[in-house]
Amino acid sequence: MKHARDHRNPAAILVSRAVAPVAIVLAILAFGVAFAQGRVVDDLGREIVLDASPLRIVTMVPTHTETVCALGACDRLVGVDSFSNVPAEVSRLPDLGSAFDADLEALIALEPDLVLTDEYSGLAEALVPLGIPVYAGTPQTVAEVWSTTEALATLLGLESEAALLIGRAQGRVEALSASVAGLPAPRVFVELDATPYSVGPGSYLGELLTLARADNIVPGRLGDFPQVDPELVVAEDPQVMILLDAPFGESAETVAARPGWGSLSAVRDGAVIELDQASVDLLTRAGPRLPDALELLIELLREVRP
Amino acid sequence: MQRTAVRAVPAPSPRWTVRTASAVGLAAVVVAALAVGSVAITPGEVVGAIARGLQGRLDGAMDVIVWQVRVPRVLLAAATGAALALAGTAYQAVFRNPLADPYLLGAASGAGFGAALALVHGATWAWLGLLGVGGAAFLVAVTTVVVVVLLARRRGRLPIVSLILAGVVLGSSLSAATSFVMLADRERTAGVLAWLLGSFAFAGWRDVAILAACLVPAVPAALAARRAFDLLLVGETSARQLGLPVERFKWTVVLGATLLTAAAVSVAGVIGFVGLIVPHAVRLAVGPEHRELVPLSVLWGAAFLVGADLVARTVLSPAELPVGIVTALVGGPFFLVLLRRGREAW
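Protein sequences appear in the order of chains A and B. Quick note: the first sequence, position 125, residue 125 per the working numbering, numbers continuous. Counting from 1 along the second sequence, just add 1000 to a position and that's the residue number in the working numbering.
No lab work stands behind these hints, which were simulated from the structure alone. This one's a predicted model, so the numbers in the text were calculated from it and none came from an experiment. Cβ atoms here follow ideal geometry from the backbone N, Cα and C, with glycine treated the same way. Mixed in with the good hints, there may be bad ones.
Stretch-level coverage of chain B by chain A, calculated; a stretch enters the list once three of its residues show a Cβ under 8 angstroms from a Cβ in chain A [as the list claims (entries may be wrong)]:
no., segment
1, 1080 to 1087
2, 1181 to 1188
3, 1191 to 1199
Covered by chain A, per the in silico footprint, the following chain B stretches (three or more residues, Cβ under 8 angstroms) [what the hints assert, rightly or not]:
no., segment
4, 1034 to 1044
5, 1124 to 1131
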């Protein structure tokens, strides 16, 4: 390059010659930082490294489907599990069964460049040897909803979208829990099934109850998903019962007919809440609709709050 | 039993007809299972993919589906069926009991307990995580049977009745323990249950290799012992008088059949019915002689489980039925028909 024949003004030349290397160094640094931030480890303790931003994603858990779509990447999904139904548009995608009995052939035929699944089903162990990148993990707490959203966003290259999504959601959660601060906390019993299984305060739904200012009658020492003694329920006399097993036939009547349960405050006061399947999904899927779930709980409790 | 043992030996020519027909039948079921799947792949593509798989140069998703998913799945189903039917044949001969199956001495309950422990606590207990689900299942299954045998032993002998009782009781206790482990962690209940019901859904080449390594010595050994099995049919006392070292033989067979069963269960889960009805079906068809019973049980067991798995993965596609449900639902009525029509073999 002959500088003498460069007709640009000297300042521009100086800028171009000085800035170019600086820009390159900055770009490398930025890439390095992004790369370091992009380190994603799933619940099986495996680090997931992708060659490129994934464009053909399969989700085998409804919460991951919701998260991918909430990040604005619904159009990158090529297949989902049988239970994914939110947002409605994913029902058009190929149904690959559940994570536990996934249709491996159909899944591989979709040639996914990322599979998002759970940590329990063994699907990851089956797919990883085939060279398919897999993230295996599901959020079990409120904090894990945020961290999982961040992890998935990193894999998808949507970190800023995730920051926005999480910021907005956390703002709504704060506002919602502020709206019930100071209100009396009703004693609540949440029933997952008629065995009866319930939720402890450490579980996702237990945390939502606390945020909604409800007093879960199940003590933490019983664990996150305990089968509780019916006597405990009678002794604690819940003022509100939330039946997540209502879609499976449980109702205020069946609860009232159980030995000793007919005189519970919740039964006498008509505060046995029968949820429909969509509400059950909303409350049990730890995902981006967390604020909606909290809002639903607060709404349900508002009607019966003593 | 004594009456059947002295029955006239069938003429040699139908024997080879049955053997050939069984081998051809197994081949046909395997080909059908390779041809059919949730993803439509033409027979030509399947053959091409297998050829490329054998050469170790897979090309594209279809090749991966055939060579890494479908072929190991079919082979594992065949090997599991063969192993369970062979173990069932051996157990039924040693116990001289038509209800004996490979799980009689607690191998299945032990494997289930080991698998449940690994699935639920594998992440927190390092040694369990190291073993893996299959390793834990195998280890606890073998340990259970060894404990049962030691409990049943009387002055160096293995009385059949105490063996069966010890097996049933320890098995029930372990099943209860499995339920406890499973229900104590509700998140993982579905995973444990899926494992307990048995499945070839996530079968890989490693599983096929493990089970094949157990079958390769087991089948010739069982064939070599066919005379001893036949002698046991007439009763332990008579067998001893005819020169069979009965106690040593029982120990060897129980140990071998247990290792085979534990290996099958550790790679495929607890698949019921195969080890019970396949030897019976063969017996009803060709009689109780082990010269026929051993090889035909291996072939029929393999064909039966490949067929059952084919049904399991096609009827509800894309969802799958647990293969153990198919073996019981399809195998049960089939066996009852045989029972009504067949000859008196016990």
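Status of each hint after checking the structure:
Requiring three or more residues with a Cβ within less than 8 angstroms of a Cβ of chain A, the coverage given for the segment 1080 to 1087 of chain B is violated, as only 0 such residues are present. Counting residues of the segment 1181 to 1188 of chain B whose beta carbon lies closer than 8 angstroms to any beta carbon of chain A gives 6, which reaches the threshold of three, so the coverage claim holds. Here's how the segment 1191 to 1199 of chain B fares: 3 of its residues keep a CB closer than 8 angstroms to some CB of chain A, so the rule of at least three is met and the hint holds. For the segment 1034 to 1044 of chain B, the assignment as covered by chain A holds, since 3 residues bring a beta-carbon within under 8 angstroms of that chain's beta-carbons and 3 suffice.
Evaluation of the coverage hint for the segment 1124 to 1131 of chain B: breached, as 0 residues show C-beta separations to chain A shorter than 8 angstroms, against a requirement of three.
Of the numbered hints listed earlier, those contradicted by the structure are 1, 5.
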